[in-house]
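Q: Dock chain Z against chain F, hints included.
Protein chains in written order, with the numbering used here: chain F, 1 to 105; chain Z, 1001 to 1105.
Certain hints may be false.
Said to hold, decoys possible - Computed spacing ranges between beta-carbons, pair by pair:
1. F:ARG85 x Z:TYR1044: 50 to 56 Å
2. F:GLY14 x Z:SER1038: 39 to 45 Å
3. Z:PHE1042 x F:GLU89: 45 to 51 Å
4. F:MET1 x Z:ASP1094: 36 to 42 Å
5. F:GLN95 x Z:PRO1069: 31 to 37 Å
6. Z:GLY1073 x F:ARG60: 27 to 33 Å
These are calculated hints, taken from the structure and not from any lab test.
Beta carbons: idealized from backbone N, C-alpha and C, even for Gly.
Protein chains: 2
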Amino acid sequence: MSPNLFADSPGSAGEQVVALLSRPGLRIEKIVSTGQSSPAGFWYDQPEAEWVVVLSGEARLRFEDEVRPRKLGPGDFVDIPAHRRHRVEWTHPDQPTVWLAVHYR
Amino acid sequence: MSPNLFADSPGSAGEQVVALLSRPGLRIEKIVSTGQSSPAGFWYDQPEAEWVVVLSGEARLRFEDEVRPRKLGPGDFVDIPAHRRHRVEWTHPDQPTVWLAVHYR
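Bound conformation, chain F alone (with noise of 0.2 Å):
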């Protein structure tokens, strides 16, 4: 059987972070929020660039750099280059958002 992206994880109190595949310079991460957000003034940094798409759930993910925060619903989809600042503003407080997130160089 293959693994699944959508199977649960044991133990996932809180935001729920899986790597599916790590490779130097490449992580493929599958990220389930169930309405956490990125604490008040605080700004994603990355070294690394990120492509993340939402494939189930909602999310609001806001850069420094624009004024309103972008809604993503399922197969939406951001390419984040690297360092430019962002927060998730909101996921669904009701359902799980899962993200899946391809962290590149």
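A: Leaving out everything else, chain Z in the frame of chain F:
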């Protein structure tokens, strides 16, 4: 508005391949199969590795070094090393099979 993985692409007769991200050593593609399979006797023998997940639909993926094809449904993923010979034996004829493929070096 963010680009969407599940959005229809124009002019999609036959199997559809859409590049979502293209960087040195990394290519993310969406593939939509509607009953297509690899030609008889054909094996993919790729110079790059491929991590691939089925997001909707159903497929059977066969490796030359395995006796039976693997059944893949929504969320099932496989990492295919470079030059591991494989073929798509079947995709569901009545519903689109959406693959997300990450080709990497």
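Q: It remains to establish, for every hint, whether it holds in the given structure.
A: Hints, one by one, checked against the model:
1. F:ARG85 x Z:TYR1044: 50 to 56 Å: 40 Å, violated
2. F:GLY14 x Z:SER1038: 39 to 45 Å: 43 Å, holds
3. Z:PHE1042 x F:GLU89: 45 to 51 Å: With Cβ atoms ~47 Å apart, the hint holds.
4. F:MET1 x Z:ASP1094: 36 to 42 Å: 24 Å, violated
5. F:GLN95 x Z:PRO1069: 31 to 37 Å: Holds, at about 33 Å.
6. Z:GLY1073 x F:ARG60: 27 to 33 Å: 30 Å, holds
When each numbered hint is compared with the structure, violations occur for hints 1 and 4.
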